Structure formats: structure tokens, C-alpha cells
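So the sequence lines, in the order shown, correspond to chains A and B.
Numbering of the first sequence is given in our numbering, commencing with residue 56 and proceeding in unit increments.
Numbering of the second sequence is given in our numbering, commencing with residue -10 and proceeding in unit increments.
Treat the hints as calculated values from the structure; they're not laboratory data.
Don't take each hint at face value.
What the hints assert, rightly or not - Calculated cross-link-like contacts (lysine to aspartate or glutamate; reagent style EDC-like; alpha-carbon spacing at most 20 Å):
no. : chain 1 : residue 1 : chain 2 : residue 2
1   : B       : K6        : A       : E183
2   : B       : K339      : A       : E98
3   : B       : K97       : B       : D51
4   : B       : K314      : A       : E143
5   : B       : K283      : A       : E183
6   : B       : K283      : A       : E141
7   : B       : K283      : A       : E98
Since this is a predicted model, take the numbers as computed values, not measurements.
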Amino acid sequence: MNFPNNLKYSKTHEWILKQDDNIALVGITDYAQHELGDIVFVEFEPAGENKSKGDTICNLESVKAVASVYMPVSGKIKEINPKLLEDEDFALVNNSPYENGWLIQIVMSNSDELSELMDSTTYQQFVEEAK
Amino acid sequence: MVKRLPLHTTHVELGAKMIEFAGYIMPVHYETGVIAEHMNVRENIGLFDISHMGEVLVEGPDAKPYLQKMFTNDLSLLYDGKSQYGCLCYENGTTVEDSFYYQHSETKYRLIINAANREKDLNWLSKHAEKFNVRIKDMSNLRGRYALQGPKSFETLEPLLSDSIKNLQRFHFKETQLLGVEVFIAQTGYTGEFGYEISFEVADAQKVWNSILESGKIYNILPIGLGARDTLRLEACYSLYGHELTDKITPVEAGIGFCVKPKEGIDFIGKKVLLDQKENGTDKKIVGFEIIGKGIGREEYKVYSMDGEEIGYITSGTFSPLLKKAIGLVLLKIEYTSIGTEFNIDIRGKPTKAIVAPTPFYDVHKK
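Based on the provided sequences and hints, a complete structural model is requested.
Here's what the structure looks like:
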């Protein structure tokens, strides 16, 4: 299982990558996609809405189950991954959770919230304990 | 306490993700994932460990009349070496259990039952056995069971056996040896695919598993978990107890009236109600559906008519790996059950359009 160093992690298994002062990419972790199994549909909340930390971003439908993905920090949904929204290539979330399978790009309203999230070592320990 | 399968360690070594199901810790999928496993059964072959299921022997001079009193199907159609599907019902016609049973002779039958229902079934069977000269033996912990399903099942199994199964027809079974191991082999399954179910003594579990995987290697055999077992049976529209069949749903309402034969001269528990339902119809029924909009309908999601009236709920729903669309089974008020009827599924508050579809969605036997 993979835990890139350049990301921050939430307890609900989202990752966030700070790209610019207030711009960030959000997706689910390798552990999360592994737990869910084959993802066959993603139902997104519309772009443009302001969200608080913990609000639902989208629902991931795997063959067996459905799981909600939450905002790791507060902000506005700027863009939804077009490879998911338009091309419906949902297997990307399984096959490339940290790169091509990113979910949304956000404009953070308070980037200080990033410091409340886990680094890769802490998240890895968190996952080990959850097993 | 959660029980382990005899081959628990083997499944873990094969990369299985293990979950709890019916009191057992079971593989839900292996490294390949549900979709790849599902497609491998449709295209090649797969091996399922179904040792969690219950196995019961009913023996004695009254075995046949006793089982006819218990099961909804017509046992006079059975002969030695033949199996049949039927339900155990309550007096009010709702369902205790659905089961395949196999006639070794008119004084010996083998029943395969659901793991979650084992205790309830044994109590129900014993309770009604008093007036009959029969013995009921629970073999569940003494025997293991695998299902070998897919177009390459015959080619994989045949070379391992002492006697050929070339002429073994669907719903028939044979007792023979697999590399010296005593096995019970039936041409039955729960996938809508050609294949076999095999039962053996627990001590032989590892040898049977390894031998079949080795023999099937050239056909790209994969071990298959519960996830694909569920998507495969849903494409074939086979009922699953606890979903389509419950103590609130009769077999006729579940859409499996074919295994209810309330004929003259046959008397089984629940006959009166089930005969009435077959002759006069029911006010609700389970049918297949496809989603037209986006999303997946899951078990217990409520469904509404286009006018907004609540008309039923989903009993099982999934994404079909073969058809690449969301399908399922839904219990509907009878006036909404004809093919082509549109209705809405409440998916997390969003009405999502679906349509009553012809069933099964797939079954190699009905092509």
C-alpha cells in the first residue's frame, strides 16, 4: 500500500495536495480504494458550491457498497475530474488513486486547516491500527 | 463467535479480503477484484469456497413422505441421482428456507441449506419429524463444499475423477473419487453458468482445492469471493434468503412459483395459502429492474410510482459487470410489475428512474 510523502491525510481516508496558496487537489487514499473494491460510479456534488470541512463531496459506488467522501478542509469545489465526470472512467480511482483518479480541485477558504490533517507517517500508523 | 472456513489460511495467502458473513469470516474478493472474478466465471472458470453452507442428511423409511410434507415442490418428480429446488414454508406461506435437495434413494436425501438459517432449519425440520420414521443428521461441520462454475468446469474436473461426468446432466449428481478422495458432485450452481458443486469430508478440503486450482490453471481459473457470487446470482435472478425470500415473503410473491406445486395428492406446510396465491394472484411481487438514470439501487431503497406513491422496495441491487449497468430485484405492488413499467428509486433523496425489466438478465441455461 502506498502513502506519498507530499500529501496530507484525513481520518476519513481522503488525501489533499496543496498546489498553490489556496488551490488543492482532493482524492481518496490507496487504502480507501482497496477497502471499497471496484468503483463503478461516482455521484458528485455540483462544482461552485461552498463547503465546510466534513461536508460530502461525492458518493463512491463500488459493486458491493456505497461510501461518501468528505471535504478534508473548508472551501469551494473549483473543478471535478473530467475523466470521471465526463469520460466516466471510474476505474481510475482504483488504479491511480493519487494521480489520474483525483476527485476534485478546491479553492480553500482557510488553508490553516491543513495543519489539522495527518502527514504520511501518521496516516500509515492510523491505517495499520484500523486493520 | 465468528467461525473460520477450513481453508481460512489458504484464502488469506491468496490475497483475499475477508469479511464476516452468516457467522463466518469469508473471502469477499481476492486480489483481482469483484469485476475480474465475475467476468472470469462468465468467460473461463472460477472456484468458490462455500463451506459455510449447511449440509443435512435425512434418512429413514419415511424420508420421502416427510420431505414432501416439508417442501413446496413435487418430490414424486425425483429419482435416485436427481436433485430438486424447493422451499420450506410457514403455514401462512412465507418462507423458512430455500434449498436444493438430492435423492440418494427414497430413504436418503442430502439437503444444502443457508449458513445463516442452519439452526432455524434444523429446529423446523426436527419439530415436524415426530410423526415420521426419519433421522436428521447435521453434517455441516464434517463436510466442506466448493462450487466450480464457468464454461471450462467440465474440462477442469473430468481428468481428476475416477468416473466420467461426461453424461452427468443438469440437476443430477454422482458420488465418485477425486484423486482418491470421496466426493459428491452435482451439476448445479448459483451463477447462471454451467458448472458443478462438490462436497467432501473436511479433512480432504485442502487436497480438493489445490487439485482443482492446478487442473484449471490452463483455463485461467481464479478463486472467487462472495462479492462476485452475489453479482453472478443477481444477473441470473436467483433468490437469496434474507433478501428475496423472508418470513414476510412467500415463494410465489418472490417470483419463484415454479418450485411451488400445490397439486392434488400433495400436502405440504403452507399449501393452502400458496395454492390460493397461484390461482388468484398476489398483491405484491418481486420483479427485475434496470436503472435508466445514473446510480445504483441498493437493498432496502424505497421505490415510488411516477405519481409519487410509495410502491415497494429493492430486495437486491448491484452493478452488473456483464451488462455494465445497474440492475436488481424489487418488490412491487402488483399493478406496477409488468415489463416496461417506469418507477423512481429514492437514491439518497434523489429520485432515479428505473424500469421493470425481463428476467433473468443472464442465464446460460436459458439462452
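The hints, checked one at a time:
With a CA separation close to 15 Å, the supplied pair K6(B) and E183(A) stays within the 20 Å bound. Pair hint K339(B) plus E98(A) holds up; C-alpha atoms about 11 Å apart against a cutoff of 20 Å. Distance hint between K97(B) and D51(B) is fulfilled; the C-alpha atoms sit about 10 Å from each other, no more than 20 Å. Note on K314(B) and E143(A): the hinted pairing holds, with a Cα-Cα distance of about 13 Å set against a maximum of 20 Å.
Of the supplied pair hints, the one linking K283(B) and E183(A) is violated, its CA atoms being roughly 35 Å apart against a limit of 20 Å. Among the hinted pairs, K283(B) with E141(A) is consistent with the structure: their alpha-carbon atoms are about 13 Å apart, no more than 20 Å. The straight-line distance between the Cα atoms of K283(B) and E98(A) is roughly 8 Å, inside the 20 Å bound, and the hint therefore holds.
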